[in-house]
Each structure stands twice: as structure tokens, then as C-alpha cells.
Amino acid sequence: MASGYLLLVADLIGVAVFAASGASAGVAKRLDLFGVAFVGFAAALGGGILRDLTIGAVPPLAFADWRYATTAVLASVAVFWLHPRLNRVRRAVLLLDAAGLGLFTATGTLKALHAGVPAVGACLLGMLTAIGGGLTRDLLTGEIPVVLQRDFYAIVALGGAILITVLDRLGVTGLVPLVTAAGLMTGVRLLALYRRWSAPVAVP
Amino acid sequence: MASGYLLLVADLIGVAVFAASGASAGVAKRLDLFGVAFVGFAAALGGGILRDLTIGAVPPLAFADWRYATTAVLASVAVFWLHPRLNRVRRAVLLLDAAGLGLFTATGTLKALHAGVPAVGACLLGMLTAIGGGLTRDLLTGEIPVVLQRDFYAIVALGGAILITVLDRLGVTGLVPLVTAAGLMTGVRLLALYRRWSAPVAVP
Amino acid sequence: MASGYLLLVADLIGVAVFAASGASAGVAKRLDLFGVAFVGFAAALGGGILRDLTIGAVPPLAFADWRYATTAVLASVAVFWLHPRLNRVRRAVLLLDAAGLGLFTATGTLKALHAGVPAVGACLLGMLTAIGGGLTRDLLTGEIPVVLQRDFYAIVALGGAILITVLDRLGVTGLVPLVTAAGLMTGVRLLALYRRWSAPVAVP
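Residue numbers (full-length UniProt numbering), protein chains in the order written: chain A, 1 to 204; chain B, 1 to 204; chain C, 1 to 204.
Treat the hints with care, since some could be wrong.
Heads up, the list lumps identical chains together, so a pair's fine if it works in one copy or across two of them.
Calculated lysine to any residue pairs in the SDA-like style (CA-CA distance at most 20 Å, straight line) [said to hold, decoys possible]:
| # | residue 1 | residue 2 |
| --- | --- | --- |
| 1 | Lys111 | Val166 |
| 2 | Lys29 | Ser198 |
| 3 | Lys111 | Leu158 |
| 4 | Lys29 | Ala202 |
| 5 | Lys111 | Leu139 |
| 6 | Lys29 | Asp65 |
| 7 | Lys29 | Val201 |
| 8 | Lys29 | Phe152 |
| 9 | Lys111 | Thr180 |
| 10 | Lys29 | Arg169 |
| 11 | Lys111 | Gly183 |
| 12 | Lys111 | Gln149 |
| 13 | Lys29 | Arg90 |
None of these hints come from the bench; they were simulated from the model. No experiment lies behind these values; they were computed from the predicted model shown.
Could you put the whole structure together from the sequences, leaning on the hints where they help?
Structure follows, in C-alpha cells:
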């Protein structure tokens, strides 16, 4: 009960942070208030919608539970009004985004496994839950998705999804390993930011 | 029986108009005949396909009822051949597009409600039914979706979807309130065009 | 048994070829190793995922059978390392791509028919299975989909899908007509390449 409530709060924090990233991109592209809220919604919930459609969980959580859409829209509207002040909290946003990455990957992978998706597919879906929102945000604002170009982001999610799948197959379940794995991903992501890790690019 | 037939005819008129908007965008981007028909199909039926996938109605109506795809393709091919003459009927197209907005929102919201989607999700899905096609059209032709940038379009759909959900929850069902709500949206949309209403854009 | 195995091998060859086309586009856009693999995965499996979601086959084959994702990723990584040498095998790639077109259309159309999709919808879904991956590849790399602009590609798929649907409705089933239809599409596609056929573009 209490752990379910904690997970929901953590999930909604992830939604708010991802929505803020989407809304910031929308403001930068001079979208109107509706456009900013829409891109925020898509950035926060696009990955989860894709995951839910893929595992046959309809309607997706984003449409079935009003708290998700409401959180995403409120966070987006806040960015719309407050964005000039957001630069001051840029470090906090990066920290929360890393936390969202860990959490969305962890819950996405577990949902896929529990829906009966085999291990490889579940790892891919866990990663897609985390990066799908950012992909959608970039496509809606006319950019080649940044997650495909540089940065050590999706690889952290994929590694974390594999870890969670292995733990689940070994019978290690419950809140503690979930939070540990999410925390580990968050830590690696922050380390990657700090050390400026990046994946290789092909020689021309 | 007769009302079902009327609704189908109205729905197909909406499909034809939205297909024409997609086909026009395709012609402007110098796509070939297939591309024009494809973008027309996506503009007319993309929103409904998204809605049907989200509520688990598979295969979506666009693939289950041949009259939808056929109408979309015929309208697109007509635009391909006749587009130089379309400027003359531009006012008629805007009027029909406003009617399509009202009708697609109304039927989309009701379908979501009847599929058991909660109120907030049903409003979002009703709006997505109306704007999803235009979004797809713009993404396929390499544009940032116009519905996100300016114009008083999605907000009309969202307001109409809320109205329909409230009516449905109050037990007001049937063809008359549906058509009234669709007509109201069409009217507000035309007023917004005439008065050049627009949503706010964030200060830089 | 043996024919099922043959079909799987043929399907995986199609996946590898389409993944290679996606990965090449990713390398050309200077994506990192993850981005190249992701676009390769999307190009190889995006069409099939779209088809499976549309007919309600969840989770889609791309997530349910690890051999599909593994093949796509291995082919993409191979292109990442070997791409400077790919120009030398360009003719082989075009041949294999034409074979993939025929095969993906054939299997996609049949899957839709067997899932109970009516004839017109099944033809559209068969075509989408073949062109959906390329569409996704182009959207992810910021291009207007090439299949919409020129080239005699989607029309071959659509014609083949109609042929397969007619054969199926006439009771002609089994591996031989399937392979014949796929071979016919491959041949027409190669002829279209050789003769530089193209669909008409609207007069400005």
C-alpha cells in the first residue's frame, strides 16, 4: 500500500520532469500555450503510451488515470510561465531527469515482463519507455532525436533494463531491488554527464 | 437506422475534407501521386487510427470499413488533379474543415467514453481524433505541426470534448446533443478564424 | 515445418536488409552507435510493429521473438563498422531490398487477412508492412519519406497485396503462391529500378 503510493509519487515526479523538458523545447520553438502543453504531455507520456499499446494494456495509463495527464499539463504550463527562471535550476532538472530515466526504465521493464513479454523484448520496451517521450518531443519540434545523436542516455536505460530482467529471472523481486536498479541507472547517468561519456560515431 | 446512416455520411464528409487538406500539403511538397494519396489517407484517418488503437478497437475503422479508405483516397486523387482550382473554393474548404473538427471530436469523445475510458482520457482522445490527422500530415511533410504553433483549433476541440463528456455524464445522450455540440464547435472555430483568435506564446 | 523454417530465414534476411538501409541512413546523419542501431531496428521492424498493433497481435513479433531484434541490431552494427565498403555491394543491397519488399508485403497481407481484416484493409496493411520501416527511418532522420516523393516502390507493394488478397479469396493458399507473388513483386521492383519508372507528380 505505502510502497504503491511511493511508486506513484515517484512516477508522477518523473512525468513532471519529462513534461518540463518537452515544454522547454516547445517554448524554444515558439509554440503557443496549447503546443507547449501538448509537447510536454507527449514527452512525459509518449514512452509509456507506446509501451502500453505494445503490451496490449488499453487504454494506456496516460488516458486511464487522470493524475498522469494532469501532472504533465500542470508542469508544462508552469514552464510556459516560468521558463526564464528555469536556467537557474538547470542542475536540479538534470538530476531529476536522470532519476526519471532510472525510474521509467525500471517500471517499464517490469510491466513488460509481467505482461508476458520475453526477456529481449522486455529490455527493449523498458528502454523505449524511458526514451520514447524524448523521441516524440524531438519529432514534434522538427529535430532529429538527440538520443540518437550523442549522449550516454539510452545505453544507460538498456543496461538498466537488462539488469532488472536478470534480477527478475533470478526471482529477486519487490521494491528494494527495483529502487536499487533505478538508483544505479540514475548514478551512472549523472556520472556520464559529469565525465562527458559518449557512444562512438562511425568514421566517414 | 436513419440516424446511423446520417452519421456515416457526415463522417465520410469529414474524411474527404481532411484528406483534401493532407493531399494539398502533399502537392505543395511535390510528392508523387502515391505520396499525395498516402498523406491524404493519414490526414483523414490518422486521428481515428490513434484513437482506435488506444481504446483497443482493432482493427481500426480505417482498415475495417473500406468506405473510409476509399473516400480518403478518392478525395486525395481529386485534389491531385484539381488543385489549381482549389483556391477558388478555399472558403468552402475552411467551412467543411470546421465541420470536420466538430464532428470528429464529438464521435471520438463518445467512442472513448463508450469504450470505458475515464472522463479526462476521453476528452484527450476526442481532441486527438480531431487533431491527430493534421499532426500526422505535418510530420510526414517535414513541418512542425501547425496545430501546435498558432491558431485556435485544438482548444475548440478540447472544449467541445469536455462539453460532450459533461453531457454524457449527465445522461444527455442521442443524436440531437451530439449534433448540437458538433455544430457549436464548428461555429466557435469559424468565429475564431473570422476574429483571428490565437493562444498565447511564451515571452522569450 | 521445413516451409515454416524457410519462411523464417527469408523473413530474417528481409529484416537484415531493411536494418542495413536504416543503419546506412543513420551513419550518413552522423548518429552514434546507439542511434544507428535504433534506426536500423526501426527500419527493419517498424512496419511489422505497426501491422501487429493494428491487428491486435500483442506484443508484436519484434518484441515477442528475440531473433528479429537480434538480427536487426547485428546487421546495423555491421553497417556501422563496414559502411565504407558497402558501396561495392550496392547492387546486392538493392536486389535484397526488392526481395524484402516482396516478402514483407506477402507475409503482412496474409497476417492481416488471417486476423480477420477485410480485403481493402488487408491490402493497405500488407503495403504498410513493407513501407512502414522506411517511413520510420526517414522520419527519425529528419527527412520527408522518400517513398512518398518518387520511386516505384509502394505501388509495387500495393499491387502485390491486391494479388495476394485475390488469390487468398479464390482459395489459393500455401507456400507456392506466396513465394510466387513475392517473387513477382521483387521482379517488378527490379524492372522499375532498371527502367526508372516513377509515379506522376502534380503540375504546379
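Comparing the hints with the structure gives:
In this assembly of identical chains, the alpha carbons of Lys111 and Val166 lie at most 20 Å apart only when taken from the same copy (14 Å versus 33 Å across copies). Proximity of Lys29 to Ser198 under the C-alpha cut-off of 20 Å is restricted to the inter-copy arrangement: shortest distance 16 Å between copies versus 26 Å within a copy. For the identical chains of this complex, Lys111 and Leu158 are intra-copy neighbours only, at 15 Å inside a copy versus 31 Å across copies, given an alpha-carbon limit of 20 Å. Only between protomers do Lys29 and Ala202 lie at most 20 Å apart by alpha-carbon distance; the minimum there is 10 Å, versus 30 Å within a single protomer.
For the identical chains of this complex, Lys111 and Leu139 are neighbours neither inside a copy (26 Å) nor across copies (28 Å), given an alpha-carbon limit of 20 Å. Taking the closest pair of Cα atoms, Lys29 and Asp65 never come within 20 Å of each other, the shortest separation being 29 Å inside a single copy and 39 Å across copies. In this assembly of identical chains, Lys29 and Val201 lie within 20 Å of each other by CA distance solely across copies; the values are 10 Å between and 28 Å within a copy. With identical chains, the CA atoms of Lys29 and Phe152 are at most 20 Å apart between copies only, with a shortest distance of 18 Å across copies and 25 Å within one.
With identical chains, the CA atoms of Lys111 and Thr180 are at most 20 Å apart within one copy only, with a shortest distance of 17 Å there and 42 Å across copies. In this homomeric assembly, Lys29 and Arg169 never come within 20 Å of each other (Cα to Cα): the closest approach is 44 Å inside a single copy and 38 Å across copies. Proximity of Lys111 and Gly183 under a CA criterion of 20 Å is satisfied intra-copy only: 18 Å inside one chain copy versus 41 Å between copies. Proximity of Lys111 and Gln149 under a CA criterion of 20 Å is satisfied in neither setting, with 28 Å inside one chain copy and 35 Å between copies.
Taking the shortest Cα distances, Lys29 and Arg90 sit within 20 Å of each other inside one copy (19 Å), while across copies they are farther apart (29 Å).
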